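Residue numbers (the working numbering): 7 to 297.
These are computed hints drawn from the structure, not numbers from a lab.
Among the hints, a few may not be true.
[As the list claims (entries may be wrong)] Calculated lysine to any residue pairs in the SDA-like style (CA-CA distance at most 20 Å, straight line):
no.	residue 1	residue 2
1	K96	T169
2	K166	V245
3	K243	Y209
These numbers come from a predicted model, not from an experiment.
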Amino acid sequence: MAQQLAIVAMIDIDAALKNNSLEGNIYLFDNMKLQGSEGQGTSHLITAIHGTYDSDGLQANEQVLNWLVFGVGSVPPNLPRTFPVDQSRKSELRLIRKFNKLKKRIQENDDTVSTPESLRTEVNKILENLGSIQTKLKSKSGLIRSHLHSEVKLIDVKGKPITDPEVITDPDNRSQQISHRPPILNNVTGEAVDKKIIYQAQYGSPDLVADGWYWSATVSTYQPGTYSYTMHIQLYKPVYQQEEGQEEGHVIWEPVYMTHKSSIRITKNPKQNGFTGSVYEGLLPIPYTTA
């Protein structure tokens, strides 16, 4: 029976972008610590994979690796990927409600909005409080496009809209922490793949946390040893742009490609009977009583 093994990569996105490196900014974990994995919670994880073989020497079962990549400095990963879109829509609804209230005050001849100057002040307050920094995506080809649903507003890690462009342009401005786009694992290559130790592929999934895709690999435990592999990870860097003649700017999420090496250590042992401890097939020691 195949055994499912998980490797979780937690990435400090802000630090990785500043240093232009994943080294020291990626933290790896797996579920094989009790079986001998080393380097849990560091950038240098060696995942222990135990294989078994039958009495004839053939591989007895199949081990399966699954990679999950998450970002530190984003909204919690248990939220669906549509969360920024939902927040943008809520922000737009709040904007409509605020303007409806302002319209009602004007119709009721409210003295606080009776002059053009006072009206301009109220409108600016509404726009500043609700935020107006839109985001767009940049593809590998350099094509800049809006999001599928609508132009999504830039939010912080609490889900609140970011209104001050200096949060993006000034690295010392810590009034709000940008919620980065989640990292993406694009490929798995390296020694373990070249030597046909692991057979990796990308699979579809209905899980919105993984954006519908994840990487998995079957492992050949027939060849024990330590093998390295390379993860190809895509991050997104927020770049603020304001076009000439435009009052409002927008953020372009530019892709940044990085790689990081990790390792697997394969061992193999003879398949044993869980009841007798024997490596050979035989009758199970079923207890019985005599009448």
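Tested hints:
1. K96 to T169: holds (15 Å)
2. K166 to V245: Holds, because 19 Å separates the two Cα atoms, which is no more than 20 Å.
3. K243 to Y209: violated (26 Å)
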